[in-house]
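Enquirer: The sequence shown maps to residues 1 to 227 in the working numbering.
Hint data in this document are derived by calculation from the structure and do not stem from the laboratory. Using N, Cα and C, we set each Cβ at its ideal position, and we do this for glycine too. Accuracy of the hints is not assured; some may be wrong.
Computed spacing ranges between beta-carbons, pair by pair [as the list claims (entries may be wrong)]:
no. : residue 1 : residue 2 : range
1   : GLN202    : ALA18     : 28 to 34 Å
2   : GLN202    : ALA124    : 17 to 23 Å
3   : SER201    : VAL163    : 31 to 37 Å
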Amino acid sequence: WVAGRALCKAIPYLQGVAVAASVTTFSVIAFDRYLAICRPLKRHFSKKKTMCIICGIWMYVLLALSPWLIYHDLQTVPNNNRTYLVCINTMDMVQMKIYHIIVIFFLLYAGPLLFIAGCYATVAYKLSRRSNRQADFLRNRLVKMLATVVLIFAISWLPLHIVGILFYVSRELKLEGSLPLIQWVGISNCCVNPWIYCAFSQSYRDNFFNTLRCAEQDCCELAAAAD
């Protein structure tokens, strides 16, 4: 590890915070959709309340993942008459196993996804019982789009969670070599979302391609000015 102690602590911590904040935000969005469609009279989020919810999400995930910031550190490891500086989690193995399964998997992945599934299932049931199909068409499409985004998110990050649990359950399994590919699959989720929005939303699709055309035109004008 050549990036120093500060980045050894910051990189794993911020990676985990970003993913946990995403799934927690999806949970809040799902609950908001549930209130908007199933309990419209009870739904009232002012700008101040919305900002408090956003701050609460980030405080929650920052605190939940604080052990990663505390326990990730540099250690010297001997190998073939040489020593290497590595960045590892120094938490006790039993504590690490409990923390990973309870906090990382259940509280910051499986639990929120089950909550989201419950919200969208209730919304789908409510919409299916309404007689005004025309008024509910756009809402139904929005719910389908959000559900697809959450499903892709869940599928993208599931392999990494499975490998993490297997690592703590059986140390005999050699899974380190698969981690870069599995992490790439999880992070690639960010690249898929814009195409999901394009597939479900005509207005998003039009604005997306208009933005690309404007960017291309600006580049051409800059190139012409440079010549």
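Enquirer: Each hint: holds or not?
Expert: Cross-check of the supplied hints:
no. : hint                          : verdict
1   : GLN202 <-> ALA18: 28 to 34 Å  : holds (30 Å)
2   : GLN202 <-> ALA124: 17 to 23 Å : holds (22 Å)
3   : SER201 <-> VAL163: 31 to 37 Å : holds (34 Å)
The structure meets every hint from the earlier list without exception.
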